Structures are given as structure tokens and as C-alpha cells.
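Trainee: Chains A and B, in that order, are what the protein sequence lines are.
Quick note on this note's numbering: the first sequence kicks off at 15 and runs consecutively.
Quick note on this note's numbering: the second sequence kicks off at 636 and runs consecutively.
One or more hints might be untrue.
Straight-line C-alpha distance at most 27 Å; calculated DSS-like pairs for lysine-lysine [claimed, not checked]: (1) A:Lys32 / A:Lys21; (2) A:Lys32 / B:Lys793; (3) A:Lys32 / B:Lys681; (4) B:Lys793 / B:Lys741; (5) B:Lys737 / B:Lys793; (6) B:Lys793 / B:Lys758; (7) B:Lys811 / B:Lys700; (8) A:Lys21 / B:Lys793; (9) B:Lys811 / B:Lys681; (10) B:Lys681 / B:Lys700; (11) A:Lys21 / A:Lys33; (12) A:Lys33 / B:Lys681; (13) B:Lys758 / B:Lys741; (14) B:Lys758 / B:Lys811; (15) B:Lys793 / A:Lys33.
Some chain B residues well away from chain A (every beta-carbon gap over 10 Å; in silico) [what the hints assert, rightly or not]: (16) Gly679; (17) Arg719; (18) Leu723; (19) Lys793; (20) Asp806; (21) Ala817.
According to the in silico footprint, chain A covers these stretches of chain B (three or more CB under 8 Å from chain A) [to be verified]: (22) 666-677; (23) 827-836.
No wet-lab data here; the hints were simulated from the structure.
None of the values given here were measured: they were computed from a predicted structure.
We put the CB at the ideal spot given by N, CA and C, even for glycine.
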Amino acid sequence: MTDNTEKTGVEHRRDFLKKAALSVAAAGTAAVASKTASADEAMEVTGSGYRETDHVKAFYKSARF
Amino acid sequence: MSAVATNDQNRLTEEDLLRAEMYEFLAALLRQEPSDELIGLVAGLKGDNSSIGSASTVLATLASKLANDEIRDEYMRLFIGVGRGELLPYASYYLTGFLNDKPLAKLRNEMQVMGIERAEGVKDPEDHIASLFDIMAGLIRGTFDAPNDLAAQAAFFKTHIDPWAPLLMQDIEAAKSAVFYAPVGTIGRAFMEIESEAFDMDEAG
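Work out the full structure: start from the sequences and follow the hints.
Mentor: Now the structure itself:
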């Protein structure tokens with residue numbers, strides 16, 4: 015698969031995804047996704063990546079690894 | 636020069652937005668038994684002739700033809716069961732044969748660095764496939780206060796998802812209990828292939 019123009023890896027990636035995205039867009043999965051529980055509900059941002067609250071400490075303690 | 640999204644959500648390309656939405660779509664279906672509302676939305680899907688497209692059409696047909704309670708029972712048989720479901724959709728289990736093993740520990744460490752944690756009340760370990768898909772969607776959208784450039788997304792995908800999610804999707808397709816969820820597995824498998832190939836293209840450049 016050779017191109018006349020020199021495409022970077024990122025450009026190849028975008029072209030590839032654009033084609034694949036057509037199927038996804040056509041299917042309408044976006045409409046489903048936007049109306050459902052999102053990552054916001056299942057994941058919480060702790061704020062500072064390195065701050066350990068009591069809650070997080072207890073959580074990791076219970077994991078025991 | 637690339638237009639890859641940084642933490643600035645306004646610069647999300649159209650295809651990255653669709654990627655995030657596909658992760659969220661799959662996560663919504665795999666996270667818990669589907670609500671009437673979700674099943675209703677799925678019934679509206681309409682696809683083209685691609686793998687994802689035709690599986691979406693099949694899924695929509697099943698969503699309208701099967702009773703909602705039947706679909707929920709199927710989810711329970713597949714993923715919950717009594718003690719365990721037909722399938723165990725956890726990274727640790729697929730990678731080592733054991734739940735709550737090293738892959739989960741590694742994920743938890745990374746999540747801590749990324750500044751995210753499992754929400755209170757969520758019982759599943761973090762390496763549940765829906766949780767990993769939620770994280771990918773969050774990375775693409777720049778929701779978390781962590782690097783979310785393509786390299787970060789690729790690293791997360793290749794470490795925590797790529798080694799096992801395609802196998803899980805195949806298992807879902809082939810599961811004895813799977814009727815509604817079989818095309819979900821097909822869509823998931825096709826999407827994982829797209830993601831994997833697309834990340835490789837970026838590297839090749």
C-alpha cells in the first residue's frame with residue numbers, strides 16, 4: 015500500500031480510523047453511548063494523582079497485594 | 636504535526652469522538668444487566684455491511700424481538716451466575732487464570748498514578764472489561780488529570796486490554812448462553828482489531 019504523498023503514521027492512522035468510523039457512525043452507537051451511564055459514574059477522579067485519602071488507603075489495604 | 640487530542644476536549648477529532656463513544660457503548664452493555672431504556676436505544680441501531688454494521692443490525696433486531704427480561708437473564712447467566720457466570724470478564728482471569736492477580740495489581744497502580752479510582756459502591760474489581768473500556772473512553776476524552784495523548788492511550792490499551800479483550804469477545808460470541816450478547820461480542824472483537832491496527836499505524840510512522 016504505497017502513497018504518492020509521504021504520510022506519517024499518524025495520518026495513516028487517521029485515514030484508517032475515518033473509514034472504520036463510517037461504520038460506527040452509521041450504526042448509531044454514539045446515540046446509545048451518550049444516553050447511558052458514563053465513565054463518570056463508575057470512575058472517580060481523585061484529584062491529585064498522588065494524594066492518598068483514607069478512603070483510598072482503606073481500599074488498597076483491603077486489596078492485600 | 637498531528638491534531639491528536641490533548642487534554643483539551645475541544646480538539647477531539649471526529650474519529651476520536653467515535654472511538655470514545657464506541658468504548659462507552661460497549662461498556663454500557665457489559666457493565667451490568669441492561670435497562671429497558673438501554674435495550675430500547677439498542678433497538679434503534681442500523682448498520683452498513685461492515686462487521687460492526689451488520690452486527691449492529693442483528694443486535695437491534697434482537698433488542699426488539701427478545702423480551703427485555705430475557706435479555707437481562709442472559710446477561711446474568713453470562714456474567715454473574717450463581718457464584719460465577721459462564722464467563723469471567725476480568726483481565727487478571729484471562730491473563731493468569733486467577734482473579735485479583737498481578738494484572739489487577741498493575742492496573743490499580745496505574746490508576747493511582749492517573750488519579751482515578753473505582754467509585755464507591757462499585758463491587759467489581761477494576762479489571763472488569765467495562766471498567767477498562769470506561770478508562771479508555773476517559774483517556775480519549777481527556778476526563779482524567781493524566782497524560783492522554785496517543786502514546787498514553789496506546790500504552791494503556793496494549794498493557795491492559797489488547798492481550799485479552801479480543802479473546803473475551805470471541806468467548807462472548809461463542810458462549811452457550813449468548814444470543815443478544817453474541818453480536819455484542821462481534822462488535823467488540825471488530826473494534827478491538829480496529830484499535831490495535833490503528834495504534835500500530837501510529838507507531839509505524
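Trainee: For each hint, tell me whether it holds in the structure or not.
Mentor: Evaluated hints:
1. A:Lys32 / A:Lys21: With a Cα-Cα distance of about 15 Å, the restraint between Lys32 (chain A) and Lys21 (chain A) holds, given a limit of 27 Å.
2. A:Lys32 / B:Lys793: 21 Å, holds
3. A:Lys32 / B:Lys681: Holds: Lys32 (chain A) and Lys681 (chain B) sit about 18 Å apart, inside 27 Å.
4. B:Lys793 / B:Lys741: Judged against 27 Å, a Cα distance of about 13 Å means the pair holds.
5. B:Lys737 / B:Lys793: 16 Å, holds
6. B:Lys793 / B:Lys758: 25 Å, holds
7. B:Lys811 / B:Lys700: Given pair Lys811 (chain B), Lys700 (chain B) holds - Cα atoms ~19 Å apart, limit 27 Å.
8. A:Lys21 / B:Lys793: This hinted pair holds, its Cα atoms lying about 24 Å apart.
9. B:Lys811 / B:Lys681: 26 Å, holds
10. B:Lys681 / B:Lys700: 15 Å, holds
11. A:Lys21 / A:Lys33: Cα-Cα ~16 Å, so holds.
12. A:Lys33 / B:Lys681: Within the cut-off at roughly 17 Å; holds.
13. B:Lys758 / B:Lys741: Holds, at roughly 19 Å.
14. B:Lys758 / B:Lys811: 26 Å, holds
15. B:Lys793 / A:Lys33: 22 Å, holds
16. Gly679: 6 Å, violated
17. Arg719: 20 Å, holds
18. Leu723: 18 Å, holds
19. Lys793: 15 Å, holds
20. Asp806: Answer for Asp806 (chain B): holds, closest chain A Cβ roughly 21 Å.
21. Ala817: It holds; Ala817 (chain B) is separated from chain A by about 16 Å at its closest Cβ, greater than 10 Å.
22. 666-677: holds (count 5)
23. 827-836: holds (count 5)
When the structure is compared with the earlier hints, a violation turns up for hint 16 alone.
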